[in-house]
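Trainee: Sequence:
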Amino acid sequence: MTETKPFNGMKTKEDIISNWLPRYTGCETEQFGEYVLLCNFKKYLGIFCEFNNVSVFDENANMPCATAGGITMINFGIGSPNAAIIMDLLSAIAPKAVLFLGKCGTLKEKNSLGDFILPIAAIRGDGTSADYLPPEVPALPAFSLQRAVSTTIRDMGLDYWTGTVYTTNRRVWEHDESFKTYLKQIRSLAIDMETATIFTVGFANNISTGALLLTSDMPMISTGIKTAESDKKVTDNFVATHVKIGVEALKLIKRDGRSIKHLKF
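So the sequence shown is numbered by this note's numbering: it starts at 185 and just counts up by one.
If you are wondering where the hints come from, they were derived from the structure by calculation, not from laboratory data.
Positions of the beta carbon are idealized from the N, C-alpha and C atoms, including for glycine.
Hints may contain errors.
Said to hold, decoys possible - When the alpha-carbon atoms are kept at most 20 Å apart in a straight line, the in silico EDC-like pairs for lysine to aspartate or glutamate are as follows: (1) K197 with D272; (2) K410 with D299; (3) K368 with E358; (4) K226 with E243.
Claimed, not checked - What follows is a set of in silico ranges between Cβ atoms, one per label pair, in the way DEER data are often shown: (5) N390 with T411: 35 to 43 Å; (6) D242 with K197: 18 to 26 Å; (7) E198 with I405: 42 to 50 Å; (8) K195 with E432: 36 to 44 Å.
Just need the whole structure built from these sequences, with the hints factored in.
Mentor: Shown next, in the form of structure tokens:
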């Protein structure tokens, strides 16, 4: 008879994340690639699977994922708390790079739906990241990872904008004129709910992170606020390209075999 070892509890962070990463994703740690794409929507993960002829490990998982060619895509859901959870859990596998493919709202009239935004920094209005690092610590991506994304976009004959993205944990704000005035004052290019959290929690966990955002709405004007119809148009026309850029950028990093750590952790 096989002796059952007693369960002595999970006493360290390593104990917890090693147990929780498979529990949240339905994927064992050895099935993860060394490079990770993060997304918020089922459509992204479906396109990744179609591109690579693979299946999701567990469709019923809270944060479903799939792996192909050393790259794992995870749909972690929406919002800064979920972003912090997945960045904490990913430290169990110490990925070489994590690239977030998110949607954002543009705060500038010069931008159009479908534009790609490559953040050079993020403003920490999320609240969640305050539990990880003091507020004066900037939320920055890994420069070499963002450079690989830039190169990939240009190689595909496309273009992008760069600037600062404001990350908020507040989903419904488009009616609030005082908040809009504040957004104009800080001169951010776009607003989302995850980027600053991913950059900050990644840094706290010694994980190099980057982001490429897809402009999905223009929330500063009433006619530009996202609807089911407008979001479907953006998804149908631009999401496949968004996923392809992310995959090819990580492949570029992987082929070069270079370290992308941008700061001393």
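Trainee: All hints, please: hold or fail.
Mentor: Taking the hints in turn, this is what the structure says about them:
A threshold of 20 Å between alpha carbons decides the hint, and for K197 with D272 the separation of about 9 Å falls inside it, so the pair holds. Distance hint between K410 and D299 is fulfilled; the C-alpha atoms sit about 15 Å from each other, no more than 20 Å. A distance of roughly 13 Å separates the Cα atoms of K368 and E358; the hinted pair therefore holds under the 20 Å criterion. Of the pairs offered as hints, the one joining K226 and E243 holds, with about 10 Å between alpha carbons and a cut-off of 20 Å not exceeded.
Look at N390 against T411: about 40 Å separates their beta carbons, and that is inside 35 to 43 Å. Distance hint check: the CB atoms of D242 and K197 are about 24 Å apart, consistent with the given range 18 to 26 Å. At roughly 48 Å, the beta-carbon separation of E198 and I405 lies within the given 42 to 50 Å, and the hint holds. Under the hint 36 to 44 Å, the C-beta atoms of K195 and E432, about 42 Å apart, fit the expected range.
Consistency note: the structure conflicts with none of the earlier hints.
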